[in-house]
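The primary structure of each chain is shown beneath.
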Amino acid sequence: MAPIIDDTGAWLGELRVSGVKGDAALARLQADAALLASLTILEGEVESLADALAETEDQLLALCELNEPDSDRLDIDRLLYRLVKQAMRLVKADAAFVVLTTPLKVVCSPGLTIPEPYLIALFERVRRVGSELLLSSAEFSFSPTNGTGNLFVAPLPLRERREIVAVLGLWLNRPASDLSPDLKLARSITEQAGAQLEIALLHEQLVAQARLQTEMELARRVQLGLLPQRSPTIAGLDIYGALRPALQVGGDFFDYIAPSGVTSRPFTFVVGDVSGKGLSAALLMAMTRTNLRSSALHNIITPAAILAQANEHLYDDFTKVGMMATVCVCQYDPAKRLLTIANAGHSPVILRPNGRAARLLGADGPPIGVLPIPLWQDESIPFQRGDVLTVATDGLNEERNKKGELFGIDRLLHQVDLLSTASPKEIADGLLAAVAHFNSDDIQDDDQTVVVLKAC
Amino acid sequence: MQISMREVKPMSKSDQTIAVVGLSGRFDAHEVPQVRQALMQATNRTKGHVVIDLGGVNFIDSSGLACLVQGMKYCREHGADQILCNLQQPVRIIFELTRLDRAFKIMVSVEEATTALAA
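Chains A and B are the protein sequences, given in the same order.
Just so we're aligned: the first sequence equals residues -6 to 449 in the working numbering.
Just so we're aligned: the second sequence equals residues -6 to 112 in the working numbering.
Errors might be hidden in some of the hints.
Simulated crosslink set (EDC-like; lysine to aspartate or glutamate; CA at most 20 angstroms straight-line) [to be verified]: (1) LYS395/A / ASP21/B; (2) LYS78/A / GLU38/A; (3) LYS85/A / GLU125/A; (4) LYS396/A / ASP21/B; (5) LYS85/A / GLU36/A; (6) LYS40/B / ASP21/B; (7) LYS2/B / GLU104/B; (8) LYS329/A / ASP371/A; (9) LYS66/B / ASP309/A; (10) LYS313/A / GLU104/B; (11) LYS98/A / GLU132/A; (12) LYS85/A / ASP25/A; (13) LYS40/B / GLU89/B; (14) LYS78/A / ASP231/A; (15) LYS98/B / ASP357/A; (16) LYS395/A / ASP357/A; (17) LYS2/B / ASP21/B; (18) LYS418/A / ASP231/A; (19) LYS14/A / ASP0/A; (20) LYS66/B / ASP310/A; (21) LYS313/A / GLU0/B; (22) LYS177/A / GLU50/A; (23) LYS66/B / GLU305/A; (24) LYS98/A / ASP231/A.
Here are some chain A residues pointing at chain B (derived, C-beta under 8 angstroms) [claimed, not checked]: (25) ILE107; (26) SER130; (27) SER273; (28) LYS313; (29) THR319; (30) PRO359; (31) LEU364.
These are calculated hints, taken from the structure and not from any lab test.
The structure presented is a predicted model; accordingly, all values stated were derived computationally and were not measured.
For glycine and all other residues, C-beta sits at the position ideal for the given N, C-alpha and C.
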């Protein structure tokens, strides 16, 4: 009989033979038992190596998945969920979480019992100190996974941002002395995840920008679509209008209101400019235009009354959003060759009587949306053959050149004088060209609108 | 754009404080959010009148004008008044062209405005 003992001295079994005797047989038996013990030990080592290999393969797979490029990487929610899952697998953590601010997102592994406000407080702490934290379970008044261990919280570094916007937290049920290789791996995971998060955040930003740009483009199309597509035919009058849009959506508009079949209603046209830019200006422009059109078409007779009604309808809305609109309303009576104008803070309005110098017509009341009471009055102006009325928006006179000089009212008056013998289209195009030439090197800041009337 | 704010306690029967908000530079759409906030703060802080010193403003566009209109309405909602003063020539012309000079109280200097409000 010979015992089979492993390298730690533990008894594994025994080898017995019968029918043989002598020292030689015993020595052989003991040698065979030692061989069996060695084989058993080797088999155990192979098994543990196979386990270690399987674990390493699992980690490599997790590492590959973490780095694998696919469309999910651009989805921030999925990216954070995967990060929590793969970081746990790689570092053999017992629980994990990620906190991202702007937009605030908190993703936790199922086993984590730390309340969300505490995770956000941990994020704030990392942001404050500017580097990773290693906290032992003794520092908690509760146990994050119902066990003792350490919590490692590290920032996800983003190259393009100096401030910390996200952290990865890992709970490890192991003593701090055993964590060195795990923490090294965790740091490299945060580096990798930071790069991916940066791409996802940039992608989200680009998508938001593209969406906004599309909406602005739609608003711009609506704004331009509301403009008259052709000039009306009015006896004794030649008329032309143009709007040169700025890069950003503005609040300029003009409209011709010529009721068909209602001879008692005069031809009315309006030019307006809602303060501000962007979607809000475009939206209020559409409201203002509709309101003015509705009044002029249905029940209101004079320009001042049209403005008064628009102000009554729109004052509260303009007040709520802190905006206002300058509007010039003009009517033309072909029989009397008479223009009637009411002007709510609009400028420039330029009259150039035939053979005389162009002059600015001032407004007779503030823009609509400023005061709840109507202050506008109708002013009648004879409009004889060769007279020119130009109603523009401040996008022309407030255009700047590269020296910072304004185009100004005086240059506009001078241009109207120079162009006065031309057709309304040539005058409008000439004014816009002069302004564009003045600001040849810069981007157009504001919409530029010109409507020109000429008595013929 | 530079924005400054100070409080003035004029010699008068009432002990109401007047906020003086000084603006300087180009007042356009880009500056509106910070000016709007300053004007609201001025009204909220003093619970009283606001004087806006436009002495340093060399240009104002329609967004800037709308911001001042909003400030005026906010003041009036709170039972107070807003006075503009020290308008430079280019800015005064814009107020005249748009006839906003009919909507705002406009005075020559901060002293004149605070005296009028304290009276």
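For each hint, the structure was consulted:
Restraint check for LYS395/A and ASP21/B: satisfied, since their Cα atoms lie roughly 18 angstroms apart, inside the 20 angstroms limit. A distance of roughly 30 angstroms separates the Cα atoms of LYS78/A and GLU38/A; the hinted pair therefore is violated under the 20 angstroms criterion. At roughly 19 angstroms between alpha-carbon atoms, LYS85/A and GLU125/A fall within 20 angstroms of each other, so this suggested pair holds. Distance hint between LYS396/A and ASP21/B is fulfilled; the C-alpha atoms sit about 18 angstroms from each other, no more than 20 angstroms.
For the hint linking LYS85/A to GLU36/A, the alpha-carbon distance of about 26 angstroms lies beyond 20 angstroms, and the restraint is violated. A hinted pair counts as satisfied when its Cα atoms are at most 20 angstroms apart, and LYS40/B with ASP21/B does not qualify at roughly 27 angstroms. With a CA separation close to 12 angstroms, the supplied pair LYS2/B and GLU104/B stays within the 20 angstroms bound. Our distance criterion of 20 angstroms between C-alpha atoms is met by LYS329/A and ASP371/A, whose separation comes to about 16 angstroms.
Under the criterion of a C-alpha separation no larger than 20 angstroms, the hint pairing LYS66/B with ASP309/A is consistent with the structure, at around 11 angstroms. Distance hint between LYS313/A and GLU104/B is unfulfilled; the C-alpha atoms sit about 32 angstroms from each other, more than 20 angstroms. Between LYS98/A and GLU132/A, the direct Cα distance comes to roughly 25 angstroms. Violation of the 20 angstroms bound is thereby established for this hinted pair. A threshold of 20 angstroms between alpha carbons decides the hint, and for LYS85/A with ASP25/A the separation of about 42 angstroms lies outside it, so the pair is violated.
Proposed proximity of LYS40/B and GLU89/B is contradicted: the alpha carbons are some 30 angstroms apart, above 20 angstroms. The hinted pair formed by LYS78/A and ASP231/A fails the criterion: a straight-line CA distance of about 73 angstroms is larger than 20 angstroms. The suggested pairing of LYS98/B with ASP357/A holds, with an alpha-carbon distance near 17 angstroms, which does not exceed 20 angstroms. Between LYS395/A and ASP357/A, the direct Cα distance comes to roughly 34 angstroms. Violation of the 20 angstroms bound is thereby established for this hinted pair.
Pair hint LYS2/B plus ASP21/B does not hold up; C-alpha atoms about 31 angstroms apart against a cutoff of 20 angstroms. Restraint check for LYS418/A and ASP231/A: satisfied, since their Cα atoms lie roughly 9 angstroms apart, inside the 20 angstroms limit. For the suggested pair LYS14/A and ASP0/A, the alpha carbons sit about 28 angstroms apart, so the restraint of at most 20 angstroms is broken. For the hint linking LYS66/B to ASP310/A, the alpha-carbon distance of about 13 angstroms falls within 20 angstroms, and the restraint holds.
The suggested pairing of LYS313/A with GLU0/B is violated, with an alpha-carbon distance near 28 angstroms, which exceeds 20 angstroms. Of the pairs offered as hints, the one joining LYS177/A and GLU50/A holds, with about 19 angstroms between alpha carbons and a cut-off of 20 angstroms not exceeded. For the suggested pair LYS66/B and GLU305/A, the alpha carbons sit about 16 angstroms apart, so the restraint of at most 20 angstroms is met. At most 20 angstroms may separate the alpha-carbon atoms for a hinted pair to count; LYS98/A and ASP231/A exceed this at roughly 62 angstroms.
With 8 angstroms as the threshold, the beta carbon of ILE107/A stays out of range of chain B, its nearest partner Cβ sitting at about 38 angstroms, so the hint is violated. Proximity of SER130/A to chain B is violated relative to the hint, the smallest CB-CB distance being about 46 angstroms (cut-off 8 angstroms). Taking 8 angstroms as the C-beta contact cut-off toward chain B, the hint placing SER273/A at the interface is violated, the least distance being around 11 angstroms. Because the beta carbon of LYS313/A sits about 10 angstroms from the nearest beta carbon in chain B, more than 8 angstroms, this interface hint is broken.
The criterion of a C-beta within 8 angstroms of any C-beta in chain B is met by THR319/A, whose closest approach is roughly 6 angstroms, and the hint holds. Satisfaction of the interface hint for PRO359/A is found here, the shortest Cβ-Cβ separation to chain B being roughly 4 angstroms, below the 8 angstroms cut-off. Residue-level restraint check for LEU364/A holds (minimum Cβ-Cβ distance to chain B is 5 angstroms; threshold 8 angstroms).
Checked against the numbered hints listed earlier, the structure breaks hints 2, 5, 6, 10, 11, 12, 13, 14, 16, 17, 19, 21, 24, 25, 26, 27 and 28; every other hint is satisfied.
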